[in-house]
Amino acid sequence: MDNYQTPYQILGEQGIRDLTSAFYDIMDTLPEAADVRAMHAQDLGPMKVKLADYLTGWMGGPPLYADKHGTVCMTEPHEPYHIGPRERDQWLLCMDKALEQIGASDELIEMLKVPMYRVADAVRNKDGVSAAETDPNVIAAG
Numbered sequence: 003m004d005n006y007q008t009p010y011q012i013l014g015e016q017g018i019r020d021l022t023s024a025f026y027d028i029m030d031t032l033p034e035a036a037d038v039r040a041m042h043a044q045d046l047g048p049m050k051v052k053l054a055d056y057l058t059g060w061m062g063g064p065p066l067y068a069d070k071h072g073t074v075c076m077t078e079p080h081e082p083y084h085i086g087p088r089e090r091d092q093w094l095l096c097m098d099k100a101l102e103q104i105g106a107s108d109e110l111i112e113m114l115k116v117p118m119y120r121v122a123d124a125v126r127n128k129d130g131v132s133a134a135e136t137d138p139n140v141i142a143a144g
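In the numbering used here, the protein residues as written are 3 to 144.
It is worth saying that the hints were derived from the structure and are not from the lab.
Incorrect hints may appear among the rest.
Stated by the list, open to error - Label pairs and their computed distance ranges (CB to CB):
1. Thr-31 with Cys-75: 27 to 33 Å
2. Glu-81 with Gly-105: 33 to 39 Å
3. Asn-5 with Pro-87: 35 to 41 Å
4. Gln-7 with Gln-44: 24 to 30 Å
5. Lys-52 with Gly-14: 34 to 40 Å
6. Ser-107 with Gly-72: 30 to 36 Å
7. Arg-120 with Asp-69: 21 to 27 Å
8. Lys-70 with His-42: 34 to 40 Å
9. Asn-5 with Ile-104: 18 to 24 Å
10. Ala-40 with Tyr-119: 32 to 38 Å
11. Cys-75 with Gly-105: 17 to 23 Å
12. Glu-109 with Gln-16: 26 to 32 Å
13. His-42 with Val-74: 18 to 24 Å
As the list claims (entries may be wrong) - Derived EDC-like pairs (lysine to aspartate or glutamate); straight-line CA-CA distance at most 20 Å:
14. Lys-70 with Asp-98
15. Lys-99 with Asp-27
16. Lys-50 with Asp-98
17. Lys-52 with Glu-34
18. Lys-50 with Glu-78
If you're wondering where the values come from, they're calculated on a predicted model, not measured in any experiment.
For each residue, glycine too, the CB sits at the ideal point set by N, CA and C.
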């Protein structure tokens, strides 16, 4: 029997909220994230809650986001914004720095690397066709 733990089991809900808070604080101050920051409202508080709720379910915890919003489709809320590879990579840079800031283990960082990239790339809507546009059965990257 292996000792596999989900990211939710490793971080817990408070750890995910700390990660999300660090993520948006970094986005708010990092010059390299200016493009992705400009897509967000001045007050990042509501987004901290939404992303934490989403990540809680995505990382293996209770489906807080789905319970509140009825869907976990990430492409639709991002449609009004130009999200290309640069914006995706800025988002990932903020997440990488947030994981470092909260002291995430190397194991957790490695566990999240590919799935986080897939989530970030799933909302990309410029410089290429997303899977959601070509396959009506795709609602989110898993």
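Status of the hints after comparison with the structure:
Roughly 30 Å separates the CB atoms of Thr-31 and Cys-75, a value that falls within the hinted 27 to 33 Å. Checking the proposed 33 to 39 Å range against Glu-81 and Gly-105 shows it holds: the Cβ atoms sit about 35 Å from each other. Taken as a hint, the range 35 to 41 Å holds for the pair Asn-5 and Pro-87, whose Cβ atoms sit roughly 36 Å apart. At roughly 37 Å, the beta-carbon separation of Gln-7 and Gln-44 lies outside the given 24 to 30 Å, and the hint is violated.
One distance hint, 34 to 40 Å for the beta-carbon pair Lys-52 and Gly-14, is violated here, with the actual separation near 19 Å. Between Ser-107 and Gly-72 the C-beta distance comes to about 34 Å, which sits within the given range of 30 to 36 Å. Hint check: Arg-120 to Asp-69, Cβ distance near 23 Å, so the stated range 21 to 27 Å holds. Restraint check, Lys-70 to His-42: a C-beta distance of roughly 19 Å breaks the suggested window 34 to 40 Å.
Take Asn-5 and Ile-104: their Cβ atoms lie about 22 Å apart, and the range 18 to 24 Å holds. For Ala-40 paired with Tyr-119, a C-beta distance near 22 Å fails the hint of 32 to 38 Å. Between Cys-75 and Gly-105, the C-beta spacing of about 32 Å breaks the proposed range 17 to 23 Å. Roughly 19 Å separates the CB atoms of Glu-109 and Gln-16, a value that falls outside the hinted 26 to 32 Å.
At roughly 20 Å, the beta carbons of His-42 and Val-74 sit within the given window of 18 to 24 Å. Pair hint Lys-70 plus Asp-98 does not hold up; C-alpha atoms about 27 Å apart against a cutoff of 20 Å. Restraint check for Lys-99 and Asp-27: satisfied, since their Cα atoms lie roughly 10 Å apart, inside the 20 Å limit. Of the supplied pair hints, the one linking Lys-50 and Asp-98 holds, its CA atoms being roughly 16 Å apart against a limit of 20 Å.
A threshold of 20 Å between alpha carbons decides the hint, and for Lys-52 with Glu-34 the separation of about 23 Å lies outside it, so the pair is violated. Distance check on the hinted pair: Lys-50 and Glu-78 sit about 18 Å apart at the alpha-carbon level, within 20 Å; holds.
Violated hints, listed in ascending order, are 4, 5, 8, 10, 11, 12, 14 and 17; each of the other numbered hints is respected by the structure.
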